[in-house]
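Number of protein chains: 2
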Amino acid sequence: MALKQVSSNKCFDGFQKVFEHDSTELKCKMRFGIYLPPKADIGKCPVLYWLSGLTCTEQNFITKAGHQQAAAEHGLIVVAPDTSPRGCNIEGEDESWDFGTGASFYVNATEEPWKNNYRMYSYITEESVSAFAPICNPVQCPWGRKAFGGYLGLDQTKWESHDATLLAKSYSGSQLDILIDQGKDDQFLAAGQLLPDNFIAACTERKIPVVFRLRQGYDHSYFFISTFISDHIKHHAKYLNA
Amino acid sequence: MALKQVSSNKCFDGFQKVFEHDSTELKCKMRFGIYLPPKADIGKCPVLYWLSGLTCTEQNFITKAGHQQAAAEHGLIVVAPDTSPRGCNIEGEDESWDFGTGASFYVNATEEPWKNNYRMYSYITEESVSAFAPICNPVQCPWGRKAFGGYLGLDQTKWESHDATLLAKSYSGSQLDILIDQGKDDQFLAAGQLLPDNFIAACTERKIPVVFRLRQGYDHSYFFISTFISDHIKHHAKYLNA
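From first to last, the protein sequence lines stand for chains U and B. Under my numbering, think of the first position of the first sequence as 95, with each following residue one higher. Under my numbering, think of the first position of the second sequence as 95, with each following residue one higher.
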């Protein structure tokens, strides 16, 4: 994978960089942001992956979230991939903001005309690693049903491995420690797109510890994310630096 | 001045808002950002004004600088006005990025065709108050000479009251305490647009205290600003909360 550096800006004594590369999975050029903390100059650092939501590119998180301060403090590298293939000239790719460009839902599409390029699951797990899911139960919400129907087809059994709530219901792996912040005034919460209650119920049933903090007055914006990002960086650093 | 709220997002327990109003000085609609810290709910708070640079709107600072955390901590209201009139249909207003839209230089233009709308000096000092200047000696640099020539005409004596270095040379007001951070790898420093040495020399001559910190490896971006914004908020809070 040949990397071309697009930009590099010093930030909190480390560097916020953007690279471009040709993705073999997605068959197009892709960009990702990477923050290198000062500690990366003198030794190995663990890597945290931030997967952005609908409509974002690699830019939204790196310019608006203010994660660099906490990542520098805790010595974490933070990688922020783009959210979908771009410019693949697929019919309809730019017709809606919640499907196509900027809205891959991180699945490997099996349906035409998406299956050639929309292979984000493989891109993030095989060309890089790990994730975190804000839409807790996509098989039950309008965004998820539109995306999974379009990318994966109408057989709903194929949707299940991309749904955090269904995955939690059958989880039997190693001990987890999940932290979720959720704005109480988030318009997408009210619209039934996020469904955290279903996820919490599934975790409770399987005795998976979840700290769920419903934040009075906060919405779905980067103003919300920037307020609590340092808590999340610290949460991951606790395990990654252990 | 009737204010229309454009947006309001909870952030670090306070609110980042954007308002729109009809400006009598500029004869157009203007927007500004305002961060209200949680302390503003229970009492009066001092106000700090952030004046952005070339090409910015009110959005750049409020989404990228990460000042809300320190402003919440120190109880400061932070107002971020736009940088020029917009959409006035002046011939040539959108032809260059360093003159016209996004590049008012905060002067009251005296020359045609700018003088009707480009009255940013009055806008920020009479409809709101205070400032801070990154181009230290505009009468000596290409940006400043282009802008002042276009807005104020060729008589250079009219330029002097908008030049921090010339103002410092003749300053006899109350005691100042000036803090400047400057990236050493700033491309506009190398290009001779910023000229901080001239400003420091003028301050030294007049015994005006300046803390000038040349930051190795940093550039002119918001990644640089976000790294040091909390120091600046703290610096202002020391006096504003005194």
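Bear in mind the hints are in silico, worked out from the structure with no lab data behind them. Be careful, since some hints might not be right.
Pairs count within a copy or across copies, as identical chains cannot be separated in the list.
[Stated by the list, open to error] With a straight-line cut-off of 25 Å between C-alpha atoms, the simulated BS3-like cross-links for lysine-lysine are: (1) 133 <-> 332; (2) 158 <-> 111; (3) 133 <-> 278; (4) 158 <-> 133; (5) 328 <-> 252; (6) 158 <-> 328; (7) 278 <-> 158.
Going down the list of hints, with the structure as the test:
Taking the closest pair of Cα atoms, residue 133 and residue 332 come within 25 Å of each other only inside a single copy of the chain (16 Å); across copies the shortest separation is 32 Å, beyond that limit. Taking the shortest Cα distances, residue 158 and residue 111 sit within 25 Å of each other both inside one copy (15 Å) and across copies (16 Å). Taking the shortest Cα distances, residue 133 and residue 278 sit within 25 Å of each other only across copies (21 Å), while inside one copy they are farther apart (36 Å). For the identical chains of this complex, residue 158 and residue 133 are neighbours both inside a copy (23 Å) and across copies (24 Å), given an alpha-carbon limit of 25 Å.
Taking CA atoms no more than 25 Å apart as the test, residue 328 paired with residue 252 passes in neither setting, with 35 Å inside one copy and 54 Å between copies. In this assembly of identical chains, residue 158 and residue 328 lie within 25 Å of each other by CA distance both inside one copy and across copies; the values are 18 Å within and 21 Å between. Taking the closest pair of Cα atoms, residue 278 and residue 158 come within 25 Å of each other both inside a single copy (21 Å) and across two copies (24 Å).
Violation of the numbered hints given earlier is confined to hint 5; every other hint is satisfied by the structure.
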